[in-house]
Amino acid sequence: MANDQLFKTHYTALAAGISGNSDPDAVISLRKSAIREFAELSFPTKKDEPWKYSKVDGLLSSLFSPAQNMSAVSDSLLSSARFGNLETDRYVFVDGKLNPALTQKSPDSSVSVITLKEAFASVPNFAETFLSKSTDKSDLFANLGSAFLQDGAFISIPDRKIQTRPVHLLFISTGNLVQPKLIISAGKSSESTFIEHFISDGNPAGFTNVSTGLFLAENAVVHHTKITDESDNGFHIGRIEAFQQTNSTWKSHVITMGGGMVRNEVTARLSGEGVNCLMNGLYLVTGTHHVENITLIDHQKPNGTSQESYKGILSDKSTGVFDGKIIVQKDAQKTYANQSNRNLLLSDEATADSKPQLEIYADDVNCFHGATVGQLDEMQLFYLQSRGIGEPMAKAMLTHAFAVDVLNSIPQTEIREYLDQQILERLHSPFHFEETEV
Amino acid sequence: MLSIKNLHASIGGNEILKGISLEVKAGEVHAIMGPNGSGKSTLSKVLAGREEYEVTAGSVEYLGKNLLDFSPEDRAREGIFLAFQYPVEIPGVTNIMFLRTALNEIRKYHGKEPLEGPEFLKLVREKTKILDLDDSLLKRPVNEGFSGGEKKRNEIFQMAVLEPKLAILDETDSGLDIDALRAVSDGINKLKNKDNGIIMVTHYQRLLDYIVPDFVHVLLNGKIVKSGTRELALELEEKGYDWIREEQKEEVV
Ligand SMILES: Nc1ncnc2c1ncn2[C@@H]1O[C@H](COP(=O)(O)OP(=O)(O)OP(=O)(O)O)[C@@H](O)[C@H]1O
Ligand SMILES: [Mg+2]
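Protein sequence lines correspond, in order, to chains E and W. Taking the working numbering, the leading residue of the first sequence gets 1, the next gets one more, and so forth. Taking the working numbering, the leading residue of the second sequence gets 439, the next gets one more, and so forth.
Mixed in with the good hints there might be a few duds.
Partner residues are not named here, just some residues of chain W that face chain E (Cβ under 7 Å, in silico) [said to hold, decoys possible]:
#1 L501
#2 G502
#3 K503
#4 E511
#5 V531
#6 A540
#7 K546
Hints were generated in silico from the structure; no laboratory data involved. Even glycine gets a Cβ: it sits at the ideal position worked out from N, Cα and C.
Given these sequences and hints, build the entire structure.
Okay, structure coming up:
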């Protein structure tokens, strides 16, 4: 395990060297304990449960360092990352660091976005209430993130505020070690939309290791869409963990369109009664790329519902993994949970692994799950062709049709259309999506 | 316009078409009848280009070209239309999008500009009226959850929009109520002219009251064993197929 040692030595040395003199004591001590944990944990292997089909071991042979200074980003890159004419509050993070010069927001926005440093100074018990709670201390990559804790943001929306303008969090990687930590706190009965959007400037090798903690107070509604579309040469590991209080609703969409190796971990803790959780995912994988989605829905209290649908479209020699677990704890009576994972293989050389799991400890529940791996339907293809539609276009139409319902629960038409367009481009489709009004 | 000579086709090593010959001239309507499993749908699908069936012998000439050389989409672009016996459901693709894409693919093949927006809608409106097709079916995914009759009507609606030269209608009359049969027949009759050919597969002579065929053929066990005019259909309706089977046996002896 020489590589494992090299990996550890590289990152512990870098972390120890972070100049953090101006950082609050709490941050410095958090980093120190994370470095210790990181050094003690071993690199995950195929024998470790949620890593069975993982390809994170590529990280052992490519080591990265944080960016030295803030890179400039081009206007064309910024404007390519827009969702049509949708008005958003946009915050741009370059290599994980918020660049306030690029912020665009409405003056009457009710969302506050501040740096972690500012949060430490202004939010009481920030570390205990938010940071520690959303950091899994037994996870190597979570500790790696904490060991470098500096970048990211604390985002909050006050009680009862309805924020109709989506908050667009745009992360641009220039090919470095990028480790932002995001905390989103949604107040009681508030409603908001967040888009976490990861792109690269060019096609650099890089490693994005991001962690997001979402805290939904009573009756809060949060629409959360993560779009990963980074460099083909990059690694991306993202952890999202939501803590849901009574009657809150979280609608999560995790859309993976680009990246050499992408691992999305998405966890929902339904810690109040009557909580709703929607977890949708779409992974479009091409070339020799690899995408793994690890989800966990933890029903802790009665009357919760969760609806999960992940779909994979795999072409060329790509690989896709879905490992989804639903836990219904003893207290969580009258839980409704429905999980499905469907995969479409567009090539004989692509593979999909699917592992849906239910762990039920309550007796009065309604839970379903299912998984499929299949190809395009021959009869459907022939039907389209028999009407004059060429084979490439017919395939694109059917593939698009397979994917599209995952996006239907995104409320903003412009975001759906943007994603649609991106999907069609990835499929090299000659077919352009445009609704016909009747 | 269509000349089928000694066509043999099989699937999984099983021969289903065993030497079919059929001539269809422009302006003609041909009816094909025959018992279940005799190969009527197989013939229709082979003509439309379903690759699952292997053509092992024979030839098909269409408008002077070797039809078997064409992909299914190019056959459609060249004017062949198959109304499926079992129209296929396509979740996630709306009927109207599907139709617009198909129409514009065909137009592109002929070097024509795509028909968009109001022009396209005008055409659609015109055709829905003929077929008495409910507007809501346009916005729904192709055939998904359509009733049996709605599916058949939708096939003929597509035909009306795409305006093929040779229409192959595989049991389009099955499962239609009386009003639908009339609407569908209207749609088919509108296509009928001196330049177009129609092949109708049917079990019932009823349809032939609305669309009068020039020829009626009986397909039995992968072969056309008898051809005649309208009267043959009436005779079949009355007597069934046994007498033809008997005739066949005698011929063999
Ligand atoms: N894909 C297939 N695989 C195996 N057998 C097939 C296939 N398609 C057709 N056949 C067989 O070929 C024969 C002819 O079928 P076909 O559907 O052409 O009959 P048909 O004349 O259209 O009958 P019907 O009047 O019931 O519609 C049948 O015995 C059928 O089982
Ligand atoms: Mg049939």
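> Which earlier hints turn out false for this structure, listed by number in ascending order?
Replying inline: Going through the list in order, the structure violates hints 1, 2, 3 and 7 and respects the others.
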